[in-house]
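A.B. asks: Please work from the sequences and hints to get the whole structure.
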Amino acid sequence: GIKFSYDGNIGNTFDSHRLIHYAEKKGKQDELVEELFHNYFEEEKCLSDHSVLLAAAKKVNLPGAEEVLANPDAEKSEVQAELSKFSRVAVQ
Numbered sequence: 001g002i003k004f005s006y007d008g009n010i011g012n013t014f015d016s017h018r019l020i021h022y023a024e025k026k027g028k029q030d031e032l033v034e035e036l037f038h039n040y041f042e043e044e045k046c047l048s049d050h051s052v053l054l055a056a057a058k059k060v061n062l063p064g065a066e067e068v069l070a071n072p073d074a075e076k077s078e079v080q081a082e083l084s085k086f087s088r089v090a091v092q
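Quick note: the sequence shown uses the numbering used here, first residue 1, plus one each step.
None of these hints come from the bench; they were simulated from the model.
There's no promise every hint is true.
[Unchecked claim] Each pair of labels, with its calculated beta carbon distance range:
| id | residue 1 | residue 2 | range |
| --- | --- | --- | --- |
| 1 | Arg88 | Phe14 | 15 to 25 Å |
| 2 | Asp7 | Ser84 | 25 to 35 Å |
| 3 | His38 | Asn12 | 17 to 27 Å |
| 4 | Glu66 | Thr13 | 13 to 23 Å |
| 5 | Ser48 | Ser77 | 11 to 21 Å |
| 6 | Glu67 | Tyr6 | 27 to 37 Å |
| 7 | Asn71 | Phe4 | 25 to 35 Å |
Just so it is clear, CB atoms sit at the ideal spot from N, CA and C, and this is done for glycine as well.
C.D. replies: This is the structure in structure tokens:
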């Protein structure tokens, strides 16, 4: 199970969502999300830090992560569309 620690830095996670969306296309979404959860919830690492995201991508053997994070438009419109879709159906 997860050993939660609540003292980590909270930042903008949009880049992590872009990377997760990319990982889905490569069949690595579940592995990457699990690694990111471990980094954030157990190791208090900041998911807005590109070095954290790249290390997680490397650990799950996700090629192309550097290119995705270097291009702020990569996966952006797809993630924004998903966020918009889910915000419309969210319970208010």
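A.B. asks: Now, for every hint given, state plainly whether the structure supports it.
C.D. replies: Now for the hints, and whether the structure bears them out:
Under the hint 15 to 25 Å, the C-beta atoms of Arg88 and Phe14, about 19 Å apart, fit the expected range. Restraint check, Asp7 to Ser84: a C-beta distance of roughly 32 Å satisfies the suggested window 25 to 35 Å. The hint said 17 to 27 Å for the Cβ distance between His38 and Asn12, and at roughly 20 Å that hint holds. Our hint of 13 to 23 Å for Glu66 and Thr13 holds, since their Cβ atoms are close to 18 Å apart.
The hinted range of 11 to 21 Å is satisfied by Ser48 and Ser77, whose Cβ atoms lie roughly 20 Å apart. Evaluation of the 27 to 37 Å hint for Glu67 and Tyr6 yields a pass: the beta carbon distance comes to about 33 Å. Look at Asn71 against Phe4: about 33 Å separates their beta carbons, and that is inside 25 to 35 Å.
When the structure is compared with the earlier hints, no violation turns up for any of them.
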